[in-house]
Amino acid sequence: MADYTLGEIARIVGGEVIGDSGMKIHGIAGIREAVEGQITFLANSKYESYLSITRASAIIAAENGNFNGSVIRVSNPYLAFLKVVTLFSRSPMERYPRGIHPAAVISETASIGREVSIGAYCVIGDNVVVSDRVTMLPLVCVDEGANIGDDCLIYPHVEIRERCEIGPRVIIHSGAVIGSDGFGYAREGCLHQKIPQIGIVKLEEDVEIGANCTIDRATTGVTLIGKGSKIDNLVQIAHNVVIGENSVIAAQAGISGSTELGDNVVIAGQAGLVGHIRIGEGARVGAQGGVTKSVPPGVSVSGYPAREHSLSRKIYAASTRLPDLLKDFRDLQNRVKALEKGLGSGPTAEDD
Amino acid sequence: MADYTLGEIARIVGGEVIGDSGMKIHGIAGIREAVEGQITFLANSKYESYLSITRASAIIAAENGNFNGSVIRVSNPYLAFLKVVTLFSRSPMERYPRGIHPAAVISETASIGREVSIGAYCVIGDNVVVSDRVTMLPLVCVDEGANIGDDCLIYPHVEIRERCEIGPRVIIHSGAVIGSDGFGYAREGCLHQKIPQIGIVKLEEDVEIGANCTIDRATTGVTLIGKGSKIDNLVQIAHNVVIGENSVIAAQAGISGSTELGDNVVIAGQAGLVGHIRIGEGARVGAQGGVTKSVPPGVSVSGYPAREHSLSRKIYAASTRLPDLLKDFRDLQNRVKALEKGLGSGPTAEDD
Amino acid sequence: MADYTLGEIARIVGGEVIGDSGMKIHGIAGIREAVEGQITFLANSKYESYLSITRASAIIAAENGNFNGSVIRVSNPYLAFLKVVTLFSRSPMERYPRGIHPAAVISETASIGREVSIGAYCVIGDNVVVSDRVTMLPLVCVDEGANIGDDCLIYPHVEIRERCEIGPRVIIHSGAVIGSDGFGYAREGCLHQKIPQIGIVKLEEDVEIGANCTIDRATTGVTLIGKGSKIDNLVQIAHNVVIGENSVIAAQAGISGSTELGDNVVIAGQAGLVGHIRIGEGARVGAQGGVTKSVPPGVSVSGYPAREHSLSRKIYAASTRLPDLLKDFRDLQNRVKALEKGLGSGPTAEDD
Numbered sequence: 001m002a003d004y005t006l007g008e009i010a011r012i013v014g015g016e017v018i019g020d021s022g023m024k025i026h027g028i029a030g031i032r033e034a035v036e037g038q039i040t041f042l043a044n045s046k047y048e049s050y051l052s053i054t055r056a057s058a059i060i061a062a063e064n065g066n067f068n069g070s071v072i073r074v075s076n077p078y079l080a081f082l083k084v085v086t087l088f089s090r091s092p093m094e095r096y097p098r099g100i101h102p103a104a105v106i107s108e109t110a111s112i113g114r115e116v117s118i119g120a121y122c123v124i125g126d127n128v129v130v131s132d133r134v135t136m137l138p139l140v141c142v143d144e145g146a147n148i149g150d151d152c153l154i155y156p157h158v159e160i161r162e163r164c165e166i167g168p169r170v171i172i173h174s175g176a177v178i179g180s181d182g183f184g185y186a187r188e189g190c191l192h193q194k195i196p197q198i199g200i201v202k203l204e205e206d207v208e209i210g211a212n213c214t215i216d217r218a219t220t221g222v223t224l225i226g227k228g229s230k231i232d233n234l235v236q237i238a239h240n241v242v243i244g245e246n247s248v249i250a251a252q253a254g255i256s257g258s259t260e261l262g263d264n265v266v267i268a269g270q271a272g273l274v275g276h277i278r279i280g281e282g283a284r285v286g287a288q289g290g291v292t293k294s295v296p297p298g299v300s301v302s303g304y305p306a307r308e309h310s311l312s313r314k315i316y317a318a319s320t321r322l323p324d325l326l327k328d329f330r331d332l333q334n335r336v337k338a339l340e341k342g343l344g345s346g347p348t349a350e351d352d
Numbered sequence: 001m002a003d004y005t006l007g008e009i010a011r012i013v014g015g016e017v018i019g020d021s022g023m024k025i026h027g028i029a030g031i032r033e034a035v036e037g038q039i040t041f042l043a044n045s046k047y048e049s050y051l052s053i054t055r056a057s058a059i060i061a062a063e064n065g066n067f068n069g070s071v072i073r074v075s076n077p078y079l080a081f082l083k084v085v086t087l088f089s090r091s092p093m094e095r096y097p098r099g100i101h102p103a104a105v106i107s108e109t110a111s112i113g114r115e116v117s118i119g120a121y122c123v124i125g126d127n128v129v130v131s132d133r134v135t136m137l138p139l140v141c142v143d144e145g146a147n148i149g150d151d152c153l154i155y156p157h158v159e160i161r162e163r164c165e166i167g168p169r170v171i172i173h174s175g176a177v178i179g180s181d182g183f184g185y186a187r188e189g190c191l192h193q194k195i196p197q198i199g200i201v202k203l204e205e206d207v208e209i210g211a212n213c214t215i216d217r218a219t220t221g222v223t224l225i226g227k228g229s230k231i232d233n234l235v236q237i238a239h240n241v242v243i244g245e246n247s248v249i250a251a252q253a254g255i256s257g258s259t260e261l262g263d264n265v266v267i268a269g270q271a272g273l274v275g276h277i278r279i280g281e282g283a284r285v286g287a288q289g290g291v292t293k294s295v296p297p298g299v300s301v302s303g304y305p306a307r308e309h310s311l312s313r314k315i316y317a318a319s320t321r322l323p324d325l326l327k328d329f330r331d332l333q334n335r336v337k338a339l340e341k342g343l344g345s346g347p348t349a350e351d352d
Numbered sequence: 001m002a003d004y005t006l007g008e009i010a011r012i013v014g015g016e017v018i019g020d021s022g023m024k025i026h027g028i029a030g031i032r033e034a035v036e037g038q039i040t041f042l043a044n045s046k047y048e049s050y051l052s053i054t055r056a057s058a059i060i061a062a063e064n065g066n067f068n069g070s071v072i073r074v075s076n077p078y079l080a081f082l083k084v085v086t087l088f089s090r091s092p093m094e095r096y097p098r099g100i101h102p103a104a105v106i107s108e109t110a111s112i113g114r115e116v117s118i119g120a121y122c123v124i125g126d127n128v129v130v131s132d133r134v135t136m137l138p139l140v141c142v143d144e145g146a147n148i149g150d151d152c153l154i155y156p157h158v159e160i161r162e163r164c165e166i167g168p169r170v171i172i173h174s175g176a177v178i179g180s181d182g183f184g185y186a187r188e189g190c191l192h193q194k195i196p197q198i199g200i201v202k203l204e205e206d207v208e209i210g211a212n213c214t215i216d217r218a219t220t221g222v223t224l225i226g227k228g229s230k231i232d233n234l235v236q237i238a239h240n241v242v243i244g245e246n247s248v249i250a251a252q253a254g255i256s257g258s259t260e261l262g263d264n265v266v267i268a269g270q271a272g273l274v275g276h277i278r279i280g281e282g283a284r285v286g287a288q289g290g291v292t293k294s295v296p297p298g299v300s301v302s303g304y305p306a307r308e309h310s311l312s313r314k315i316y317a318a319s320t321r322l323p324d325l326l327k328d329f330r331d332l333q334n335r336v337k338a339l340e341k342g343l344g345s346g347p348t349a350e351d352d
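These protein sequences, in sequence, are chains A, B and C. Numbered per our numbering, the first sequence spans residues 1 to 352. Numbered per our numbering, the second sequence spans residues 1 to 352. Numbered per our numbering, the third sequence spans residues 1 to 352.
It should be emphasised that the hints constitute simulated quantities derived from the structure, not laboratory data. Quick caveat: nothing in here was measured; it's all calculated off a predicted structure. Check before you lean on any hint, since a few could be wrong.
Put simply, identical chains are the same to the list, so a pair is met inside one copy or across any two.
Quick list of in silico lysine to aspartate or glutamate cross-link-like pairs, EDC-like style, CA-CA up to 20 Å [unchecked claim]: (1) K83 <-> E8; (2) K293 <-> E260; (3) K194 <-> D150; (4) K314 <-> D324; (5) K341 <-> D331; (6) K327 <-> E260.
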């Protein structure tokens, strides 16, 4: 992790230095956490009061405000912050020392690439492939025949079951389980006979899997997460699900068996999808949405059962007035009855 | 794992061989994954195009189609496939070598049965009983006094807390926690004083618990999962819940404290049940259903709050028309007002 | 764990002994599990039939019933039970032997306090602080620079990521992940560029975190759980969430990024909160509630989208009658049309 001068950082974010362009900066942190030698940022006016007390040596902001040190002025401080935080963030190669911890159990038939980092108490089974520059933190278990691509980052307590395939640059967070058995039984009377799940899970390149997710292996074939897709914590992906590229699934969502998602799909938190449906490219499912049938490309749905988002919103707005509507309806019934009486027609049976 | 001839397989699935009955088959796989010497199946017409390119030596199908090799013709290829996949699947006894890994920490007071497999970095506490033919994969932790029945299969990263009882042939998937403390506090003003949870969890024979499930121990007594019940991933079972036999609970469902489920109950994904209710034998709860009161035997409920499924469906169908109903109702109010004026009655206060 | 006489216990719970006040009691258990020398309780009449067969030597109850042994009579047996179970429960200091297991990997730069218990296969990183009397069960991983306060109890398979701060007397159940990366990406066309998450998680004193929870570290700054707050199993807390003191979050709930909860908030099971809102002090969210905007202090909300609980209840009650309302409305429309015809006005376009 190199140092940068304030001038270099300003050039990278397209900003203007008010102060000492030659100042060396060696890190970035939030306005409350930053220390001397670090740069911080102000993007949200509710943190303005920290300007006078932060220990940061420099700040990225739209204006100087009460800050005494050097400032990089930009129009969008948050975007500039994202660039700088990436500038200062160390790759797994830098953060974790290379080498294999002596307290790791690695099968003689496993193939281990160059410049890997394998932590204490990892267990690597027969015929596993761990490719170059993989970082595997402590207490990870990789079963027989699984394949981990170049530059993967696997956090502690992850389980990768037999024969699963993990593409290059995949990140898997702590406690995630890749390749657990799909939930499949054949009924014989009241009994449920387990159907062996002989397929695998394949995560393509640049996928990220959140903490404590569960991705089940296919009954036969492949449960597939397409390249660049990002999955938040505690998400359930059932057997034979296929997810396209660059899709995003928020925390605690669940996708039932054999459902397919296209590219660029967004599933919000706690949403649930039944099995055997198709979510078209670019479609979106709202938080807690319960999707019971296929969604065409580009369509946004929400609610339970999920309907087009604009209809769902109208229904929910209308439902607020439902209790009053019932009262008003009874009143109108009575007024119509009175009119009918006035016209000589008696009350109808339906009103009784 | 023995080989079978095509004729033997045909007899087992009740099918007819078109081709070489004496051909030796040594495995089964999906139509895209199968290799020479394996059998595959075609149950879904969308995979028909793979018939001409699969490397499988034989196929289970309703018709030969474009396949050049030998065929076992059956009327229901999927059912036949299930029989054959079970035929070729190896038991845990076959898949995992017997013996205790030297890097496992086992208390001197633990009792270990015959023909067990205990993986690297397992930790087995005082007075634990591990019965015959148990397969315990790496990194499993079993606390003091727990009892694991014959032929259990425990995947990596499982935690079994003190004194819990696991019946014969139970399967527990990675990351599941059996016997964590129930969520119980006594309020003293604003503070929550923890109530020690001194009960246990008991899983009866042939139960299967999904990955990253949490099954809490009872406050006193037993949280019980009855024999043959199957629980999918990420399910929460709270303290003192009792589940009958052969029930099925899909992923991400949650059962609150002291609720009881009868036999043969089905709880769909992401459903939630409040505490202290009873779900009768054979009842069913739909996906995302929120069950707030007891459900009689045999009844299906869905929606939030959960109502009989047929009523729920009517309500959801009707709600689609609610926005229009509100408009139509205002129109009707105006027409009645006009009628009332025509009759000499003035507008009523309720319309203002 | 000392013994108590029945007379001592009666004094502690404010009850009256019917029988042998000098009898030594050395434990407490449920009425079905209790053995000789233990005390049990009867708070629920459905367990009355066990009175004649329990092996307990004494019982806490409102009346003697069919029990032959000594009784402590109290008006509220459940409250008395809670006091006695706490009396007999052993602290982690008593339950787990002190010392560091030889099969634990501890960095030379870690600081380990007095009277700690560190289990087999724990991994403790550089510059970690483990304070006095911490109990860390097997297979726990604590990354670089994290700080564990006095008297914490950390169950197996827990992950505590780098630099997170755990206050005194915190309890973390098995499989929980503290400090996983927040789910943050910057979009570049269809691609999602990971935003490094450089903040931390801070759990204040007396917090309890359930099994398999995921608490994400802040983008910058702190994801904070205030003192005395209790979190059930499988809960998701996103980056930069702030939770006040003595709040309670039930199982499978999820809180999205940057949302703030005040003190004494109650979130029921499977509820979900969108990001960037504020839940006021003492507010409550019902089970499966979907909260889409801020909730004022003291207000209870439920349903999706969450509304004040009393309104939600009215809407759900009214919705039951919606299918009939649609039928009755069409009937009323026809009657009004008939009236209009009688008055000489023709049918209106809206009725067609």
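Cross-check of the supplied hints:
no.	hint	verdict
1	K83 <-> E8	within (12 Å within a copy, 65 Å between copies)
2	K293 <-> E260	within (12 Å within a copy, 32 Å between copies)
3	K194 <-> D150	between (35 Å within a copy, 18 Å between copies)
4	K314 <-> D324	both (17 Å within a copy, 10 Å between copies)
5	K341 <-> D331	both (15 Å within a copy, 17 Å between copies)
6	K327 <-> E260	neither (45 Å within a copy, 38 Å between copies)
Consistency note: the structure conflicts with earlier hint 6 alone.
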